[in-house]
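J.: From first to last, the protein sequence lines are chains D and E.
Just so we're aligned, residue 1 is where the first sequence starts under the numbering used here, counting upward by one.
Just so we're aligned, residue 1 is where the second sequence starts under the numbering used here, counting upward by one.
Calculated directly from the structure, the hints in this document are not laboratory data.
From a predicted model like this one, the values you see are computed outputs, not experimental measurements.
Check before you lean on any hint, since a few could be wrong.
What the hints assert, rightly or not - Within a straight-line C-alpha distance of at most 35 Å, the following computed DSBU-like cross-link-like pairs (lysine-lysine) qualify:
no., chain 1, residue 1, chain 2, residue 2
1, E, 61, D, 233
2, D, 48, D, 233
3, D, 48, E, 156
4, E, 156, D, 177
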Amino acid sequence: MMTAIARLFRTRTGQARLGSIATMVVLLIGAVFILIPFFWMISTSLKKAGDVYIAPPQWIPADPQWENYVTAVTRLNYGVHATNTAIIVVFVMIGTLFSSSFAAYGFSRLRAPGRDAIFMVLLGTMMLPGAVTLVPTYLMFNSIGWVNTFLPMIVPAFFGNAFFVFLTRQFYITIPKELEESAMMDGATVYQIWWYIMLPLSGPILATIAVFTFVATYNDFFTPLIYISDESKRTIAVALTYFQGSPRIGPQMHLLMAAVTMSIVPPILLFIAAQRYFVRGIVMTGIKG
Amino acid sequence: MVQKSGTIDARRLGKRERREAMHAYVFMSPVIIGLLVFTLGPIIVSLFLSFSNYNLLNDPKWIGVDNYVKMYGERLFWQSLRVSAIYSIVSVPLGMTIALFLALLLNRTMRGIYTLRAIYYLPTVISGVGVAMLWRWIFNGQYGVINTLLRNVGVKGPNWLLDENYALIALIITSVWGVGGTMLIFLAGLQGIPVEINEAAEIDGAGKWGQFRYITLPMISHVTFFNLVLGIIGALQVFTDAYVITNGGPNNATLFIAVYLYRHAFQFLNFGYAAALAWVLFIIVMVLTLLVFRSSPLWVFYEQERQEK
Numbered sequence: 001m002m003t004a005i006a007r008l009f010r011t012r013t014g015q016a017r018l019g020s021i022a023t024m025v026v027l028l029i030g031a032v033f034i035l036i037p038f039f040w041m042i043s044t045s046l047k048k049a050g051d052v053y054i055a056p057p058q059w060i061p062a063d064p065q066w067e068n069y070v071t072a073v074t075r076l077n078y079g080v081h082a083t084n085t086a087i088i089v090v091f092v093m094i095g096t097l098f099s100s101s102f103a104a105y106g107f108s109r110l111r112a113p114g115r116d117a118i119f120m121v122l123l124g125t126m127m128l129p130g131a132v133t134l135v136p137t138y139l140m141f142n143s144i145g146w147v148n149t150f151l152p153m154i155v156p157a158f159f160g161n162a163f164f165v166f167l168t169r170q171f172y173i174t175i176p177k178e179l180e181e182s183a184m185m186d187g188a189t190v191y192q193i194w195w196y197i198m199l200p201l202s203g204p205i206l207a208t209i210a211v212f213t214f215v216a217t218y219n220d221f222f223t224p225l226i227y228i229s230d231e232s233k234r235t236i237a238v239a240l241t242y243f244q245g246s247p248r249i250g251p252q253m254h255l256l257m258a259a260v261t262m263s264i265v266p267p268i269l270l271f272i273a274a275q276r277y278f279v280r281g282i283v284m285t286g287i288k289g
Numbered sequence: 001m002v003q004k005s006g007t008i009d010a011r012r013l014g015k016r017e018r019r020e021a022m023h024a025y026v027f028m029s030p031v032i033i034g035l036l037v038f039t040l041g042p043i044i045v046s047l048f049l050s051f052s053n054y055n056l057l058n059d060p061k062w063i064g065v066d067n068y069v070k071m072y073g074e075r076l077f078w079q080s081l082r083v084s085a086i087y088s089i090v091s092v093p094l095g096m097t098i099a100l101f102l103a104l105l106l107n108r109t110m111r112g113i114y115t116l117r118a119i120y121y122l123p124t125v126i127s128g129v130g131v132a133m134l135w136r137w138i139f140n141g142q143y144g145v146i147n148t149l150l151r152n153v154g155v156k157g158p159n160w161l162l163d164e165n166y167a168l169i170a171l172i173i174t175s176v177w178g179v180g181g182t183m184l185i186f187l188a189g190l191q192g193i194p195v196e197i198n199e200a201a202e203i204d205g206a207g208k209w210g211q212f213r214y215i216t217l218p219m220i221s222h223v224t225f226f227n228l229v230l231g232i233i234g235a236l237q238v239f240t241d242a243y244v245i246t247n248g249g250p251n252n253a254t255l256f257i258a259v260y261l262y263r264h265a266f267q268f269l270n271f272g273y274a275a276a277l278a279w280v281l282f283i284i285v286m287v288l289t290l291l292v293f294r295s296s297p298l299w300v301f302y303e304q305e306r307q308e309k
């Protein structure tokens, strides 16, 4: 036994193995810190109202109250807010996917004076703080009567997102032109080529954009906060903040945590289902950025 | 493309080029309209508004630099700058260091490594109001999980969110929890380093630290640059956490610029003053970004340069 341990410290492979074990231990401790908040959230969501504010707390509720979730759904009108969120997310995804791939085709395949200058301006806007355009944009939507509708969230998605146009353009540049050239010989228009040739080849990049758009739109708090005032039009993100009760201590923390738990389920499911797209998207930006 | 040009053919080519350009503009039109209507137009209008007084009820009134003068004398404006500055100066380097450290540990092949990477990235996917509310509960002075853990090791934790000395620290801790995105970008950078370089260095007797300092760091410096620029821009615009977790308090200890701006625009309807604030923020972000870009030749090492040498 002792000699085995001594060998671990002395030999090269032994040291490498020790290194791996140490790394694993550090990573596992870190992972526990990442996961504790989630555990705490679920634990609170299953407690009785009277068991929430006790110290020391119960980590695992003795008698899990699953009906807290039912109560939270009814009290918060969760169905209405989930529907609002879903409508916005779906239209924003359609708009973003269309505008990214449509514009990217122009930027990557067709030549025109000023094209690259426009592209550079577009890239520059990625660094622009949103605050600068905030007030005039709000006033514009207000003057055309769009405040308190979903349109300020949805319509801009149809006019391109700099980052996604950039990603798609980089992707299109890597696709060989032969297919398009032969279609061109057969008399196809550029619009047909975009629709029948480029789009079907765009699966991976569109999936990447779709998952990022879903997460960003679903989690967006600021835009619906400033544009929506009717309770019945609030998204989940905004509705949650009205559920938190008094600013000091939410009096119904168990219900609030049940609602929060439900609210993070869709992005987590998407993340589990589409993990590789998240990673791929990041890798592309990391390397090319 | 196949033209061997004579004069007539050249004119035809011109026509074809014109048609190609026309199609190009059609494809680019959503982006061009979007740039004009949602970006460039509003930037100009907001500059104009920043020199005016406007509250939706009457027409904007030109008041020159009054908004900027008022801002200069406003204690809360300086407080918001201070809060955002402290937050950025601490959270960006801290987050990047932890992200790089994690990326180095996660950049190996072993069982369960993909699950671990996914766990560290998870907070990035669900960032938002729900998580911000979860943090409020975690930082609760009496019943929160942090102070419970501290109590277990014999430390009496502060009343985080109600104590002006600790509220900003609490927000910095929440930002560190979400370093997964930065970590993944570092990881991508690390995976771009050819294994042979480290192997060669090891044969030449370079230690682990030497390899990290003289190979890894320079080889990922472009990724560090990318993370730094994004980190600064993001940190200066924090809103949701500050609004939901502390709402700028206690005693303005977490009054970030974005929260201050939100109040003036959408609670006090001081649209002119809010636009002036936005322009100050814009200029700060531009200057900082420019400084980082200017400094980059000193510490960012690009692939092309290496090949040219």
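J.: All hints are to be evaluated individually against the structure, with a verdict given for each.
T.: Here is what the structure says about each hint:
1. Our distance criterion of 35 Å between C-alpha atoms is met by residue 61 of chain E and residue 233 of chain D, whose separation comes to about 34 Å.
2. Between residue 48 of chain D and residue 233 of chain D the CA atoms are separated by roughly 31 Å; this keeps the pair inside 35 Å, and the hint holds.
3. Taken as a hint, the residue 48 of chain D and residue 156 of chain E pair is honoured in the structure, with Cα atoms around 27 Å apart against an allowance of 35 Å.
4. This hinted pair does not check out: residue 156 of chain E and residue 177 of chain D have alpha carbons roughly 66 Å apart, beyond 35 Å.
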